[in-house]
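**Student:** Protein chains in written order, with the numbering used here: chain A, 2 to 120; chain B, 102 to 206.
Please note that the accuracy of each hint is not assured.
As the list claims (entries may be wrong) - With a straight-line cut-off of 30 Å between C-alpha atoms, the simulated DSS-like cross-links for lysine-lysine are:
hint : chain 1 : residue 1 : chain 2 : residue 2
1    : B       : K193      : A       : K21
2    : A       : K56       : B       : K155
3    : A       : K42       : B       : K193
4    : A       : K21       : B       : K155
5    : A       : K15       : A       : K65
6    : A       : K65       : B       : K193
7    : A       : K65       : A       : K42
8    : B       : K193      : A       : K67
In short, the hints are calculated from the structure, not lab data.
Take a look at the letters that make up each chain.
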Amino acid sequence: GAVVSQHPSRVICKSGTSVKIECRSLDFQATTMFWYRQFPKQSLMLMATSNEGSKATYEQGVEKDKFLINHASLTLSTLTVTSAHPEDSSFYICSATGALTGGWNTEAFFGQGTRLTVV
Amino acid sequence: GIQVEQSPPDLILQEGANSTLRCNFSDSVNNLQWFHQNPWGQLINLFYIPSGTKQNGRLSATTVATERYSLLYISSSQTTDSGVYFCAGGEKLTFGTGTRLTIIP
Chain A
2 GAVVSQHPSR
12 VICKSGTSVK
22 IECRSLDFQA
32 TTMFWYRQFP
42 KQSLMLMATS
52 NEGSKATYEQ
62 GVEKDKFLIN
72 HASLTLSTLT
82 VTSAHPEDSS
92 FYICSATGAL
102 TGGWNTEAFF
112 GQGTRLTVV
Chain B
102 GIQVEQSPPD
112 LILQEGANST
122 LRCNFSDSVN
132 NLQWFHQNPW
142 GQLINLFYIP
152 SGTKQNGRLS
162 ATTVATERYS
172 LLYISSSQTT
182 DSGVYFCAGG
192 EKLTFGTGTR
202 LTIIP
């Protein structure tokens, strides 16, 4: 299967600072990337969908000025949590779909996730 | 948007037992997937199964697209099978509510 690498896996930051999370597709062109947030013992909630070269589409209730998403290339998308607060502490995970070797595939592959703690 | 329900929410089994997990969609999807989330949060792809039946070792899955449901079968459970199982699908890759499986030695 395809490989999606997410970085960092764990980050602790102070309130008011910004944190950037990277999501890279290592062996395929990720035309679409999804960013999710997961609270303890809950399911994954979609935050936004991004297509390479265009603005991200945010889900209802997700502040786009707080969660900045950039999908500038076919292998990299970033999520920046701006002016982080303790309530932003959560598990963030990205996924990607796109053109694998041999053709188009809509199967999604996930990064390892980032556990953000804001103190 | 699409609603995805999974059942049962929790399942506790002895090692060696078989189990069936179910996933129901409120609307048709053409990209249904099953995942296993390990204790560190990583989502492991189990099956990409928009329709039909697939098998991989002790795991198999069947999707009946016309009736908007999918089943995941785990045979001869091992303690390493413990964790949360999710199904997901649809344009926005909507996730189900999950099934927490605990295998007791």
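**Student:** Looking back at the numbered hints, which does the structure fail to meet, lowest number first?
**Tutor:** Violated: hints 2, 4.
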